[in-house]
Amino acid sequence: MFDTMRPYRDKDDREDRRPAATTFIGKEINKQKNKGLLAAAVQSEDDKQTEYPSDDSVAEDGSRKSLEIYIAEEPADQQKRHKDNRNTQASYKTNNATAKKNDSNANGTGIYRSNTPQRNAIFQEALTAHNKFRSLHHVLPLQWNATLAEQAQNIAESVASDPSTFQGEPAGENIAQIWHDLQRAPLKATTIWYGEKKAYSFSYPVLNDKVKHFTQMIWKDTNQLGMGAAPSPSGKYVIVVALYRPLGNDSHRLRDNVQKAGQQQDVYATIKQKIFKPNGDKKDNVGKS
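Be aware that the sequence shown starts at 1, since it is given in this note's numbering, and climbs by one per residue.
Some hints could be false.
Simulated pairs of lysine-lysine, DSSO-like, Cα-Cα distance not exceeding 30 Å [unchecked claim]:
{"#": "1", "residue 1": "Lys236", "residue 2": "Lys260"}
{"#": "2", "residue 1": "Lys132", "residue 2": "Lys188"}
{"#": "3", "residue 1": "Lys236", "residue 2": "Lys188"}
{"#": "4", "residue 1": "Lys132", "residue 2": "Lys197"}
{"#": "5", "residue 1": "Lys198", "residue 2": "Lys236"}
{"#": "6", "residue 1": "Lys236", "residue 2": "Lys212"}
{"#": "7", "residue 1": "Lys212", "residue 2": "Lys188"}
{"#": "8", "residue 1": "Lys260", "residue 2": "Lys210"}
{"#": "9", "residue 1": "Lys188", "residue 2": "Lys210"}
{"#": "10", "residue 1": "Lys132", "residue 2": "Lys260"}
{"#": "11", "residue 1": "Lys260", "residue 2": "Lys197"}
{"#": "12", "residue 1": "Lys197", "residue 2": "Lys210"}
{"#": "13", "residue 1": "Lys236", "residue 2": "Lys197"}
{"#": "14", "residue 1": "Lys212", "residue 2": "Lys132"}
{"#": "15", "residue 1": "Lys198", "residue 2": "Lys260"}
{"#": "16", "residue 1": "Lys132", "residue 2": "Lys198"}
Each pair of labels, with its calculated beta carbon distance range [what the hints assert, rightly or not]:
{"#": "17", "residue 1": "Thr147", "residue 2": "Gly168", "range": "18 to 24 Å"}
{"#": "18", "residue 1": "Gln143", "residue 2": "Pro233", "range": "31 to 37 Å"}
{"#": "19", "residue 1": "Gln183", "residue 2": "Gln224", "range": "38 to 44 Å"}
{"#": "20", "residue 1": "Asn154", "residue 2": "Gln124", "range": "19 to 25 Å"}
{"#": "21", "residue 1": "Trp179", "residue 2": "Asp256", "range": "33 to 39 Å"}
{"#": "22", "residue 1": "Gly168", "residue 2": "Pro233", "range": "18 to 24 Å"}
{"#": "23", "residue 1": "Lys260", "residue 2": "Asp209", "range": "39 to 45 Å"}
{"#": "24", "residue 1": "Pro233", "residue 2": "Ser135", "range": "35 to 41 Å"}
{"#": "25", "residue 1": "Gln151", "residue 2": "Thr191", "range": "20 to 26 Å"}
{"#": "26", "residue 1": "Leu136", "residue 2": "Pro233", "range": "35 to 41 Å"}
{"#": "27", "residue 1": "Trp144", "residue 2": "Lys260", "range": "35 to 41 Å"}
{"#": "28", "residue 1": "Arg119", "residue 2": "Ser161", "range": "14 to 20 Å"}
{"#": "29", "residue 1": "Ala146", "residue 2": "Arg253", "range": "23 to 29 Å"}
No wet-lab data here; the hints were simulated from the structure. Ideal Cβ placement from N, Cα and C applies to all residues, glycine included.
Please take these sequences and the hints and turn them into a complete structure.
This is the structure:
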């Protein structure tokens, strides 16, 4: 039983071991000082037999204790200044958030945050523009779809609040970031999308990123539309989303669904005219012969 007990160390033995422990503690304190941390390492005689904590935990605890001691030893007027500074920073954050909200209301983007008659009129304006452009290409008008509109609004709010959520535009989806005319952003987006017509070749149709918004807008087989819009947190721009059903932009059906604007001709009437009037009015020619 006595063999398992810790051997007795006399006073001289304890004094001989003390410098080594003191040297180790000194190294630990120097490590913390080199990191810019003022920490005091005080240990009792019993603690010398225990395992030392890691450098990271010593640094964190030491830094926290040093800060508490520093603040406690400050004069009362200095402590008051620190408290006032903290209150000022908190007030600045609150005022900054309020200012951003006021900016969105000032530039008109706040209208997209609530369901109002004015907001509905904005989307009605965009729907009318869609159908006007479609009529130029001899396709039927679109009908408003509330379910698609709700989905489009969710996408717009997600992208506006966190642009990293934008994962591209799948078939049947148009997205635009509008920096001007924010109060009429849906109409502005519709006009921009239709402007891609300049890059589209009706003779040699090709579907790409430069024309895909335009082709989806006037896609013949599409008959449903839903739109949403949401301002950025700063109110500096608006994200506009349009969802179309049935889906368009099938590269194999471009010629059938994307028709050229202008006067629509009857193919059979044109053939008949070429057969019977190759050189103008056939009756006049017969009379002169």
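*Can the restraint linking Lys132 and Lys197 be considered satisfied, given a maximum Cα separation of 30 Å?*
With Cα atoms ~15 Å apart, Lys132 and Lys197 stay inside 30 Å; holds.
*Given the hint of 23 to 29 Å, check if Ala146 and Arg253 actually sit that far apart at their C-beta atoms.*
holds (28 Å)
*So the hint says 14 to 20 Å: do the beta-carbon atoms of Arg119 and Ser161 match that?*
holds (18 Å)
*Quick one, are Lys260 and Lys210 close enough, alpha carbons at most 30 Å?*
holds (17 Å)
*39 to 45 Å as the expected CB spacing between Asp209 and Lys260, which holds or is violated*: About 21 Å separates the Cβ atoms of Lys260 and Asp209, which means 39 to 45 Å is violated.
*Honestly, do Asn154 and Gln124 meet the 19 to 25 Å range at C-beta?*
Check passed, 20 Å falls within 19 to 25 Å.
*asked:* Quick check: does the Cβ-Cβ distance between Gln151 and Thr191 fall within 20 to 26 Å?
replied: holds (23 Å)
*asked:* Range first: 18 to 24 Å. Now tell me if the beta carbons of Thr147 and Gly168 are that far apart.
replied: With a Cβ separation near 22 Å, Thr147 and Gly168 satisfy 18 to 24 Å, so the hint holds.
_Holds or violated: the 38 to 44 Å window for the beta-carbon distance between Gln183 and Gln224?_
violated (26 Å)
_Pairwise hint evaluation, Lys210 against Lys197, where the allowed Cα distance is 30 Å at most_ = holds (9 Å)
*At the C-beta level, are Gly168 and Pro233 separated by a distance inside 18 to 24 Å?*
holds (22 Å)
*Are the Cα atoms of Lys236 and Lys197 separated by 30 Å or less?*
At roughly 28 Å apart (the allowed maximum being 30 Å), Lys197 and Lys236 satisfy the hint.
Checked against the numbered hints above, the structure breaks hints 1, 19, 23 and 27 and satisfies the rest.
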